[in-house]
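Chain by chain, the residues run as shown.
Protein chains: 2
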Amino acid sequence: MGKKAVVLLSGGLDSATVLAEAKAAQYDLFALTVDYGQRHRREIDCAKAQTKAQKAVEHRIVRLELTAKDSSVLTGGGEVPAYEPRKDVPPTYVPARNTILLAMALSWAESLGAEDIFIGATAVDYSGYPDCRKAFIDAFETIANVGTKAAMQEGKTFRIHAPLLKMGKGEIIARGAQLGVDMARTNSCYDPDELGRACGRCDSCGLRLKGFKQAGLTDPLEYA
Amino acid sequence: MGKKAVVLLSGGLDSATVLAEAKAAQYDLFALTVDYGQRHRREIDCAKAQTKAQKAVEHRIVRLELTAKDSSVLTGGGEVPAYEPRKDVPPTYVPARNTILLAMALSWAESLGAEDIFIGATAVDYSGYPDCRKAFIDAFETIANVGTKAAMQEGKTFRIHAPLLKMGKGEIIARGAQLGVDMARTNSCYDPDELGRACGRCDSCGLRLKGFKQAGLTDPLEYA
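Residue numbers (numbering that gives the first Met the number 0), protein chains in the order written: chain D, 0 to 223; chain B, 0 to 223.
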């Protein structure tokens with residue numbers, strides 16, 4: 000066995016690309032999907048397809064009850080808004096989500112003896128999300144190296160990898176395609192229909208479609 | 000309504016004292032109990048009794064599936080050891096536990112508009128736990144103030160209160176008694192019997208009994 004990495008995998012386009020990136024860097028992959036009651040359950044099926052394609056050693060899917068579930072449109076509060084470029088934090092923001100996800104990944108990493116954690120955070124198109132910025136990723140790396148037995152007693156050093164941090168959607172899609180990611184098995188839509196087809200109008204669909212255009216590629220997804 | 004605080008409450012002696020401390024500081028209390036499959040389920044009943052006694056505005060009990068559940072004797076891996084003074088991290092250590100708990104508390108606090116989070120971490124008797132040290136608490140406070148919309152966009156400042164950090168068990172018990180905490184409704188044992196009675200021999204029982212002795216008080220708990 001080589002070096003182990005825990006990869007946070009939602010089943011979206013970004014995290015599927017990160018999983019492929021970790022594979023290309025020759026890590027043994029331990030993928031973690033956290034199901035916190037997102038509306039887009041189809042993502043979990045996409046996550047399974049991606050871990051299979053990348054020959055992950057293990058894929059864990061864990062349920063998490065969010066305490067703040069009424070405060071984001073992703074988990075139950077209000078309508079998903081149509082796509083528009085914005086400067087403030089979008090209503091799809093889930094309070095402290097990446098802190099929770101990284102904490103769970105860290106816990107698993109420590110128990111596996113892994114030092115590397117991958118997350119598909121990107122600060123370019125989602126500039127509104129405070130927990131997708133470099134300052135946040137750095138602060139979490141500090142937590143990992145201060146708050147664990149592995150770092151304190153076993154001389155381990157945790158690294159939080161966010162390889163998409165400075166990439167726009169078009170660049171991510173181009174990189175994903177280069178790494179052979181099956182984009183038909185990724186989900187982006189915040190509000191799919193009953194058949195699981197993307198709506199084509201939410202924030203996330205808007206960014207995705209713009210990204211494919213920027214990359215000069217065709218989105219293989221079926222839209223409603 | 001006054002100022003809101005989210006208080007992490009396990010139902011143990013430390014967190015019950017912290018709940019009373021937050022009440023004494025005149026916060027409106029929002030207690031959060033995370034059930035990650037600990038062996039000592041009796042703690043949850045104790046947590047309920049404490050929130051009732053302190054007239055908490057709300058008490059949320061959420062289930063969390065730990066990814067690292069085989070790596071601690073608390074959540075399923077191996078025997079709970081008898082009490083002994085130790086310098087290394089005890090086998091009851093749950094990887095990144097306080098990072099996960101604080102992340103969940105932060106998520107709820109942000110959605111409530113609260114800026115204050117209380118945790119019963121103590122570095123004195125549990126010197127082995129890396130996530131019970133001041134450096135860890137400080138690092139998490141940084142995370143909260145870097146990784147949230149509330150801090151980034153609404154000018155809020157999160158504070159992580161760990162009022163027991165420098166207190167030994169004897170001092171905590173004396174302070175809890177002073178604040179009127181019903182110590183009979185707190186649980187410490189890692190390995191209670193079928194009737195929920197404390198074992199009197201695990202790490203946590205050992206510390207508790209020593210603490211009552213130091214405080215010159217009698218433990219009202221029934222031991223097996």
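Rather than coming from a laboratory, the hints here were simulated on the basis of the structure. Possibly wrong hints are sitting among the right ones.
Here are the simulated BS3-like cross-link-like pairs (lysine-lysine), alpha carbons at most 30 Å apart as the crow flies [stated by the list, open to error]:
(1) D:Lys133 to B:Lys54
(2) B:Lys155 to B:Lys3
(3) D:Lys155 to B:Lys51
Stretches of chain D that chain B covers, calculated by requiring three or more beta carbons in the stretch to come under 8 Å of a beta carbon on chain B [unchecked claim]:
(4) 42 to 49
(5) 52 to 64
(6) 145 to 153
Because the structure is a prediction, the values reported are computed rather than measured. Each residue gets a CB set at the ideal place from its N, CA and C atoms; glycine is no exception.
Verification of the hints:
1. D:Lys133 to B:Lys54: It is violated: about 41 Å lies between the C-alpha atoms, which goes past 30 Å.
2. B:Lys155 to B:Lys3: This hinted pair holds, its Cα atoms lying about 13 Å apart.
3. D:Lys155 to B:Lys51: violated, 43 Å
4. 42 to 49: violated (count 0)
5. 52 to 64: holds (count 5)
6. 145 to 153: Check passed, 8 qualifying residues.
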